[in-house]
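Residue numbers (our numbering), protein chains in the order written: chain A, 12 to 54; chain B, 743 to 980; chain C, 527 to 750.
Keep in mind that the hints were calculated from the coordinates and are not lab data.
Accuracy of the hints is not assured; some may be wrong.
Listed next, with one range per pair, are the computed distances between beta-carbon atoms [unchecked claim]: (1) Phe926/B / Ala741/C: 48 to 56 Å; (2) Asp878/B / Gly574/C: 54 to 62 Å; (3) Arg38/A / Ala601/C: 36 to 44 Å; (4) Arg542/C / Ala869/B: 27 to 35 Å; (5) Ala608/C / Ala869/B: 20 to 28 Å; (6) Val802/B / Gly683/C: 23 to 31 Å; (7) Leu25/A / Gly845/B: 16 to 24 Å; (8) Ala869/B / Ala32/A: 16 to 24 Å; (9) Pro723/C / Val750/B: 50 to 58 Å; (10) Val563/C / Ala21/A: 21 to 29 Å; (11) Ala686/C / Ala21/A: 33 to 41 Å.
A few chain B positions that, by computed beta-carbon distances, are all more than 10 Å from chain A [stated by the list, open to error]: (12) Pro768; (13) Leu803; (14) Thr940; (15) Arg974.
For each residue, glycine too, the CB sits at the ideal point set by N, CA and C.
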Amino acid sequence: MDDNWGYVAAGYGLTAGVVAAYVVWLRVRIRRAERSLRDEADG
Amino acid sequence: MTGKLLGVASGVSLAVLAVLALVVVPPDAVQGDAQRLMYVHVPTAWLAYLAFFVTAVASVLWLWPRTRAPHWDLLAGSSAEVGVVFTGLTLALGSLWGRPIWGTWWEWDARLTTTLVLFFLYVGYLALRRTGATADERGKRCAIAALIAFADVPVVHFSVTWWETLHQDATVFNPDLDVRMEGFWMPFTLVFSVLAFTLLYATLVRTRLRLAELDEGREERELQRAIEERRRAEVVPA
Amino acid sequence: MTLLRESALVMGKDLRIELRSRVALQQILPFGGVVLVLFAFALDPDRGLLSRVAPGLFWAAVLLAALLAVTRSFAVEDANRARDGLRLSGIDPGAVFLGKAAAIAVELLVLEAALGAGVVVLYDVEPRGVLLLACAALAATAGLAATGTVYGVLSSGLRARDTLVPLLVLPAVTPVMLGATRAFEAALDGVPGDGWPWVQLLVVFSALAVAAGVAVFGPLLEES
Chain A
12 MDDNWGYVAA
22 GYGLTAGVVA
32 AYVVWLRVRI
42 RRAERSLRDE
52 ADG
Chain B
743 MTGKLLGVAS
753 GVSLAVLAVL
763 ALVVVPPDAV
773 QGDAQRLMYV
783 HVPTAWLAYL
793 AFFVTAVASV
803 LWLWPRTRAP
813 HWDLLAGSSA
823 EVGVVFTGLT
833 LALGSLWGRP
843 IWGTWWEWDA
853 RLTTTLVLFF
863 LYVGYLALRR
873 TGATADERGK
883 RCAIAALIAF
893 ADVPVVHFSV
903 TWWETLHQDA
913 TVFNPDLDVR
923 MEGFWMPFTL
933 VFSVLAFTLL
943 YATLVRTRLR
953 LAELDEGREE
963 RELQRAIEER
973 RRAEVVPA
Chain C
527 MTLLRESALV
537 MGKDLRIELR
547 SRVALQQILP
557 FGGVVLVLFA
567 FALDPDRGLL
577 SRVAPGLFWA
587 AVLLAALLAV
597 TRSFAVEDAN
607 RARDGLRLSG
617 IDPGAVFLGK
627 AAAIAVELLV
637 LEAALGAGVV
647 VLYDVEPRGV
657 LLLACAALAA
667 TAGLAATGTV
677 YGVLSSGLRA
687 RDTLVPLLVL
697 PAVTPVMLGA
707 TRAFEAALDG
717 VPGDGWPWVQ
727 LLVVFSALAV
737 AAGVAVFGPL
747 LEES
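Between the sequences and the hints, there should be enough to build the whole structure, so can you do that?
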C-alpha cells in the first residue's frame, strides 16, 4: 500500500480550515450586526 | 450558556475524534491510511443530509398555518447554509479519498453525482434567500423552493443511478464506497465521528440562527426608520 | 372543464404576445442556433464526434434556450403590473400555471423542431426511431416547461431574477437532461427498446412537476 498520508493530511486540514473559517466568519458577522444595533440605540 | 457549552462540547469531541482517527485507529488492510478520510467524509456527508432535512422540516412548519412563525424561515435558511458548506466539504473529501483509492479525483457515480446536484440545488436556494423580499414573501418562496428541491433529490438520484448502471462495465475502478469496519476502533470511531459532527452541526446552526435574527431585527428597524422619516418629511412642508 | 378553458385562455394570451412581439422567434430561436454552431466549434467537427454526441448537444441547446423562454414569460407579466391583472382576473391559479407552462412548451416544441433540423444538417445525424424521438421530446418538454414555470414565478419580481432562474432551474431538471439525452441516443442508435424506460422516467418527472406547479402557484401568485 502506498503512503497516503498526504491525502489524509490534506483532508483533515481542509476540514479543520473550512470549519474554523466558517466559525470565524459567523462570529465576525454577528459582532458587526451587534455593533450596528448598539450604534443605532446610541444614536 | 447552552451555546457556550455546546461549542465547547463540539470542540472537545472533534479534538478527540482527530486523535482517534489519526492515531488510535489502525490503517485499513486494503485501503491503508487513506481510509482515515472516511472518519471525516462520512460524518460531513451525514451532516449535509441532516441539514437539508432540517431545512425541509422547518419549511413545512413555516408553510403550515398553525405553526407558522418567522423563526422557522430563519432556521431553514441557517440550516441550508450549514448544509451547503458541508456538502462542498463532503465532495472535496470524497475527491481526496478517491484519488489514491480509485485513481481519479472524480467518478460519475450515482452518489457523487446526486450530491453534486444537491449542492447546486441548495446554492440556488441560498441565492433565492438573498434577493430582498419582505420577510413573509421570502419565507413563502423559500419554503416552497426548499420543498421542491428536497422532493427533486430522490428523482435525481434515481435517474443518475439508472444512468450509471447503463455503462457500469465501462468502469475500470472499483466503485465500492462501502467501507468494511473491522475490530473495535474502526466502527467506534465512525459512530463517534457522526456524533461529534452532529454536535458541531447544532453549534453552527445555533450561531447562524443568532446572526439571522440579528440581521432580521436590523432590517426591520431600518424599514421602520425609513417609514418614520418619510412621514416626517410629509408633515413638515404642510 | 373550466380549468382547461382558462388554461387555454392564458396560453393563448402568452402565445399571442410572442407572435406579436416576435421575441421568441427573433431572439430565442436564433440563440439556440448559435449554441449549436458554438458546440461545433468546441468539438472539432472533423472527427465524427459531433454526430455521436448530438443528442446531448441538442438537449443542452434546448435547455439553454428554455431558460430564456422562462425568463421572457415572466418578464412579460412584470411589465405594466400585468401580474396583478392576471391575479385579479378571477382565473384559477392552477389554470394560470398550466396556461403559462403550455405556452412555454409550445414555444419549446417549435424550437426543438428547428434545432432538430439544424442537428440533422450541421451534425450529420440521420434521424431514426421517430416515434421514440417524438415521445421523448414531448415528455421532456412538458417537464422542462413545468419546472421552468414553477421557478419562474418563484423568482418573479425579485431583484437578480434573470440570473437566478438559470441557477434554480438547471440542477432541478437534471433528470430531464439525462432522460431525454439517453432516449434520443437509443433512438438514433437503432435500439429504441433502451429508450422507452427513459420516456417513462420523463413522463413521471413531468407529472410531478405539473402537480407541484398546480399546487404552489396559488400561494405564489398572491400579494407581492
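Verification of the hints:
no., hint, result
1, Phe926/B / Ala741/C: 48 to 56 Å, "holds, 50 Å"
2, Asp878/B / Gly574/C: 54 to 62 Å, "holds, 57 Å"
3, Arg38/A / Ala601/C: 36 to 44 Å, "holds, 41 Å"
4, Arg542/C / Ala869/B: 27 to 35 Å, "holds, 33 Å"
5, Ala608/C / Ala869/B: 20 to 28 Å, "holds, 25 Å"
6, Val802/B / Gly683/C: 23 to 31 Å, "holds, 24 Å"
7, Leu25/A / Gly845/B: 16 to 24 Å, "holds, 20 Å"
8, Ala869/B / Ala32/A: 16 to 24 Å, "holds, 21 Å"
9, Pro723/C / Val750/B: 50 to 58 Å, "holds, 53 Å"
10, Val563/C / Ala21/A: 21 to 29 Å, "violated, 42 Å"
11, Ala686/C / Ala21/A: 33 to 41 Å, "holds, 35 Å"
12, Pro768, "holds, 12 Å"
13, Leu803, "holds, 24 Å"
14, Thr940, "holds, 14 Å"
15, Arg974, "holds, 16 Å"
Comparing the model with each earlier hint shows a violation of hint 10 alone; every other hint is respected.
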